[in-house]
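J.: Chain residues, written in single-letter form:
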Amino acid sequence: MSETRFTDDHEWARSEGDLIVVGITNYAQEQLGDIVFVELPNIGNTVEQGQEAAVIESVKAAGDVKSPVTGSIAEVNETLVDHPEMVNQDPTGEGWFYKVAPADPAEMDDLLDETAYDNILAGLE
Amino acid sequence: MDDPAAQLQQTVLYELHQSLGARIVPFADYQMPLNYSPGIIKEHRHTRTSASLFDVSHMGQIRIHGAGAIETLESLMPIDLSTVKPGQQRYNFLTNDNGGIVDDLMIARFEDHWQLIVNAANKMKDLELITAACGSRTTVDYQHDAALIALQGPAASTILSRHSTGPASLPFMHHGQFEIDDIPCSVSRSGYTGEDGFEISVSNSHAITLAQSLLAHPEVEAAGLGCRDSLRLEAGLCLHGNDINEQTTPLEANLLWAISPERRADGKRPGNFPGDVRILKEMTTPPIQCRVGLRPEGKIAVRPPTTLFTEAGVESGLVTSGSFGPSVEGPIAMGYVNRALSALGTRHHTKVRGNPIILTVVDLPFVTHNYHQRR
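Residue numbers (the numbering used here), protein chains in the order written: chain A, 1 to 125; chain B, 1 to 375.
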């Protein structure tokens, strides 16, 4: 498995062949609480690094997923439509949001590695 | 004072919440548990199927004593207290001169005094209002030394019976003094979840022991304010600050049932409470807007404040509470709509993040009340 990268907004991104898989971190799902609805982007849509790409609703509030990388949506996790709780149960695995064909794969280098992300989390404690 | 949390108060159960893994959030100047590790949905469903323990000690407990107590209280609320007997409790509200709702509350009669349970965010304002209304024959005191613990759910009565023989025989909206594990408590059969249950007023010095004793039952789980809110919304109950406030009147809020017949225009003692002119007038000339239940189609929650429109795009209402209902298993909302568009089945329109959503006016509550029925 390739290295997972992170944003300071608590998304993760991981290369999978030519695509990059995107989701939210365990910290993010813990903060949101029980997730009841996920609004996924449409396949073929363009998403931009740092811009809203998906919406997550918990019982208490709605939040957005900002795309870690720019590119075109290649695949979305349809399972989340009927089972949004998957994001709570397995945020970095089965609870992924979408796969994007990156415009510039080097954007991954802008993102945080696990150590840097863990340091951010440690600062939030 | 860089840390905002440093200015927040804690209830006497704060450390217990922390030890139970609560997610603590600021609420009405208190650090309160939003939820524990099971999460809001599981806590909500547990309350509807078994029993949950809530710390509601942030709410205000105010006692009114003296020969002038009824006179003082009736000057502030549209209620007839002469028919309320010791051991009984009523839902009512403090009104302002414009007929708006300053706060909604529970009022209970004891042998020698009255007790109000008021909303945390309003309690100091309420206390000032009541104190200002007191003549020489009425005294008020705020119960700084008391915690308030709610045990809510269909198993609540059975569980409390293991500790005390009295509370299980209380009818809904009645209260009494009982010893629970030899701890003196004031127990009412009430709550704000739509379920059978109790609210237990206990001295701060005994609150932790009592909470731990109740939580020791396998049927009881700790539950936070997150599910208290989703439970009360499913039960169709108003949250002051959202669904009712100083600008909304009891008639707009569909709370006429709480106004004592004695104090209505055709009653024996009409009016003589703040805002009486408007409130009495609205009983014969209904206000333009009224509170209704709303069921959004689809899965997207419509959260307050969201403006509603007719199909033609004319403004028709405002959502004042909206969330996902864990027992309904879908989005639910309450709000105010134009009375002409308040009939059951009327459709209102809005957009959430660009998604068009239809909301249909439905009956409240969303989930049938399961209050204790006297057999």
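Keep in mind that the hints were calculated from the coordinates and are not lab data.
Heads up, a few of these hints could be off.
What the hints assert, rightly or not - Calculated lysine-lysine pairs in the BS3-like style (CA-CA distance at most 30 angstroms, straight line):
#1 B/K42 <-> B/K85
#2 B/K281 <-> B/K125
#3 B/K85 <-> A/K66
#4 B/K85 <-> B/K268
#5 B/K299 <-> B/K351
#6 B/K299 <-> A/K66
#7 A/K66 <-> B/K281
#8 B/K281 <-> B/K299
#9 B/K299 <-> B/K42
Said to hold, decoys possible - Just so you have them, the derived chain A footprint on chain B, three or more residues with Cβ under 8 angstroms:
#10 37-43
#11 180-192
#12 321-328
Claimed, not checked - Computed Cβ-Cβ distance ranges for the label pairs, DEER-style:
#13 A/H83 <-> B/Q10: 56 to 66 angstroms
#14 B/E71 <-> A/H83: 17 to 27 angstroms
#15 A/E114 <-> B/T131: 52 to 62 angstroms
#16 B/K125 <-> A/A103: 39 to 49 angstroms
#17 A/H83 <-> B/D145: 24 to 34 angstroms
#18 A/H83 <-> B/V328: 17 to 27 angstroms
#19 A/D109 <-> B/H144: 37 to 47 angstroms
Positions of the beta carbon are idealized from the N, C-alpha and C atoms, including for glycine.
J.: State for each hint whether it applies.
T.: Now the hints, each set against the structure:
{"no.": "1", "hint": "B/K42 <-> B/K85", "result": "violated (39 angstroms)"}
{"no.": "2", "hint": "B/K281 <-> B/K125", "result": "holds (27 angstroms)"}
{"no.": "3", "hint": "B/K85 <-> A/K66", "result": "violated (59 angstroms)"}
{"no.": "4", "hint": "B/K85 <-> B/K268", "result": "holds (19 angstroms)"}
{"no.": "5", "hint": "B/K299 <-> B/K351", "result": "holds (13 angstroms)"}
{"no.": "6", "hint": "B/K299 <-> A/K66", "result": "holds (21 angstroms)"}
{"no.": "7", "hint": "A/K66 <-> B/K281", "result": "violated (52 angstroms)"}
{"no.": "8", "hint": "B/K281 <-> B/K299", "result": "violated (40 angstroms)"}
{"no.": "9", "hint": "B/K299 <-> B/K42", "result": "holds (19 angstroms)"}
{"no.": "10", "hint": "37-43", "result": "holds (count 4)"}
{"no.": "11", "hint": "180-192", "result": "violated (count 0)"}
{"no.": "12", "hint": "321-328", "result": "holds (count 3)"}
{"no.": "13", "hint": "A/H83 <-> B/Q10: 56 to 66 angstroms", "result": "violated (38 angstroms)"}
{"no.": "14", "hint": "B/E71 <-> A/H83: 17 to 27 angstroms", "result": "violated (59 angstroms)"}
{"no.": "15", "hint": "A/E114 <-> B/T131: 52 to 62 angstroms", "result": "holds (58 angstroms)"}
{"no.": "16", "hint": "B/K125 <-> A/A103: 39 to 49 angstroms", "result": "violated (56 angstroms)"}
{"no.": "17", "hint": "A/H83 <-> B/D145: 24 to 34 angstroms", "result": "violated (48 angstroms)"}
{"no.": "18", "hint": "A/H83 <-> B/V328: 17 to 27 angstroms", "result": "holds (18 angstroms)"}
{"no.": "19", "hint": "A/D109 <-> B/H144: 37 to 47 angstroms", "result": "violated (58 angstroms)"}
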